[in-house]
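Protein chains: 2
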Amino acid sequence: MGGSMRPLPGFRDFYPEDCARRGYVLDGWRRVARRYGFVEMDGPVLESMELYAKKNESGAEILGQLYNFKDRGERDVALRPEMTPTLARMVIARERAYRKPLKWFSTSNFFRYERQQKGRLREFIQFNADLMGDASTAADAESVALTIDLLREFGFTKEDFVIRLSDRKAWIDYLQGRGVSDTKSVLAIIDKLEREPEESLDAKLAPHGVTVADLRGFIAAGSPEHFAPLIEELTARGLKDFVEIDLSIVRGLAYYTGLVFEAFDRSKSMRALAGGGRYDDLLGDLSDGSVKLPAIGFGMGDVVLGNLIEETPHALAKMEQALAAAPAAEIYTVVADESRRREALGVVQTLRDAGWRTDFSLDAAKVGKQFQAAEQLGARYAVVVGGEWPNLKIKTLATRAEVTIPHETLAEWLKTTQP
Amino acid sequence: MGGSMRPLPGFRDFYPEDCARRGYVLDGWRRVARRYGFVEMDGPVLESMELYAKKNESGAEILGQLYNFKDRGERDVALRPEMTPTLARMVIARERAYRKPLKWFSTSNFFRYERQQKGRLREFIQFNADLMGDASTAADAESVALTIDLLREFGFTKEDFVIRLSDRKAWIDYLQGRGVSDTKSVLAIIDKLEREPEESLDAKLAPHGVTVADLRGFIAAGSPEHFAPLIEELTARGLKDFVEIDLSIVRGLAYYTGLVFEAFDRSKSMRALAGGGRYDDLLGDLSDGSVKLPAIGFGMGDVVLGNLIEETPHALAKMEQALAAAPAAEIYTVVADESRRREALGVVQTLRDAGWRTDFSLDAAKVGKQFQAAEQLGARYAVVVGGEWPNLKIKTLATRAEVTIPHETLAEWLKTTQP
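Listed in order, the protein sequences are those of chains X and P. Following the numbering used here, the numbering of the first sequence begins with 1 at its first residue and continues without gaps. Following the numbering used here, the numbering of the second sequence begins with 1001 at its first residue and continues without gaps.
A couple of the hints might just be wrong.
[Unchecked claim] Partner residues aside, some chain X positions facing chain P, computed with beta carbon under 8 Å: (1) Asp71; (2) Lys158; (3) Gly346.
Worth flagging that the hints you see were computed from the coordinates, not collected in a lab. The structure presented is a predicted model; accordingly, all values stated were derived computationally and were not measured. Backbone N, C-alpha and C fix where the C-beta goes; we use that ideal spot for every residue, glycine too.
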């Protein structure tokens, strides 16, 4: 197959051991989101290009990274680069059918033609959670708390990560107090505060009547009174130590209207683990005013999270423990006497019908080799079918303890043990 | 958003209730595959076009339905239309790292630009399971048994579906006995036996020295001796009644070398539920002989299966029961006194930390409305935070039974109950 032996650059093969790690992350995300009363949704991988060309949705950067093409029906289509446009489309079409607030999450794959670098791939998985139909600080707190608990689920503590809180409303209040009228342009400049030289920024700020020093002063003050209600909510949940106020965060996308936040590893050595914010006007804008639902949402990608798990010993240990607890086979059926293969197949079927992960050798093999396979697959028990028939020998592999039971009582015996 | 309010034709939105049904099918597939000792893998959604242009892999029909295009790096790429080429690529690259046989499954989405009709979509999900490195009848039986148990998992019985078994080797033996040398061409004609008029088929068969009547005669005889070992294996597993010999099945793809099989609903009113077969030469051919692994595999799509579940009352009832057992909230926290909201938030966090799906009203609401929300979300319990504080009232919603406990003992009380 020559050059096609590898996946495309920026795309991943998931061999069984990779797929198990992916499953660990996906299962963790789903478990926590459901504890928060969020329900899962999804959309198509391919969407009409029109969905991404609308103003206020995807940023210009994302449009330049789209995988878009004409399909066989001459439609302009694109692989989804993010969830928000699909979510907005679906919510606007059917929001009347659901009680408010909507608490929806998704765990989907997205596609962006990005330059390759650490923490960035061209196909990645992202958890998204959106709470729609509630404009309160309580909803903000629910969203931030979910972000925290998603990360805690993987074993991370307040020493490992922090959620940085900011608020576009706090900025707009401040800027308007300073006489700035075009707050949108100034917010776009603030987004570049740590990436551009101060002189160039000051030149851009000059027409608006503020300086980099002014902005840094506001960031340093932190506007604590603005965040007091949210901090109070998080304190009541015991989650206060996971957050910090950091007004330097404004997020790139234009549609945010209030709270914005990002999760970082404490050493801040990596890209953001998660990020999101309140977008109270987006659904109204996209539906020409017919669906007015305030909303807050965030995304968490699998790539940076996976890197942080690998680099954090206690999180890595937790993952490895979870993976070891789900072996390829829980019970291995040993055919100790080939003339009993027929009976062994019946035993295998009984075990599987009872919900156990069971494997056996498809071909005649030495008993020692079969026990070796049992251990390699991570089995806890071996059920031996052979000379003792119509009895079975059940061996606990870790302790070498043995018990012999009549084969008709296997289903009974299994009930005393957990699959 | 005008015309972009809907998904592209042939693509699906998964609203929460659709996503729950999709999850029911995916979870069922995964559970059963794991019981059989199969481990999950996956590949990228986008692959190099080269992977599908190779001989012996995708059929010509699939190539004509590809979603292919040039990416921003001028690479010819395609959305995957099936799993086998990706699986073959991955296995050939790394098979040495794994013990044999490989038992790999996947639950992935695929893309084909098909004409729209019942049971066909342009993005669909397919379960695939491949057992590689074992050429025995035992492996054939393991693959057929897995197909049966996947369908049984959804509540289907032998009255609902049947696996039709055929074998290309039996056909080739018969055709060679009749002096046919170009068996491949005749197999392609057999594949059309039920779709083309007899005269046109006889005209095509004439150069090969056989007639439609000959072929129908062989199908009617059924070659029972050929299938005896497989039937014996399935009998030992108690699964014989789920299969029938039907030599009219040869499967469209050229790469099959032995057993081929398809699963149908008993009334045969739908397309095949699943289909597959043995492909002992494919991996060798694709690796230019460097990786010789005999293999058997099959696929099962989500669309026809979903239709059959919807149309089979006992399967539908089983699904609905499973979905009802996983409500959006298991415990609802009722804030009966707004001045206790802070304490209620602590209770919510305690419940979630203990693994319970918990929801509550983000805004002040009448107690009656909160109980109504609890029932709509499917909650079993309501924990009431109000006048009794520092005690909590726990109400079982179905029975209206109540218990009052000190709030500090909530974690203790939860341990006596299953999340």
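Exercise. Could you check if Lys158(X) really has its C-beta closer than 8 Å to a C-beta on chain P?
Key: The hint is violated - Lys158(X) has no Cβ within 8 Å of chain P, the shortest such distance being about 15 Å.
Quiz item: Against chain P, is Asp71(X) within 8 Å by beta-carbon distance?
Solution: For Asp71(X), the interface hint holds, since the closest Cβ of chain P sits about 6 Å away, which is under 8 Å.
Quiz item: Any CB of chain P closer than 8 Å to the CB of Gly346(X)?
Solution: 6 Å, holds
When the structure is compared with the earlier hints, a violation turns up for hint 2 alone.
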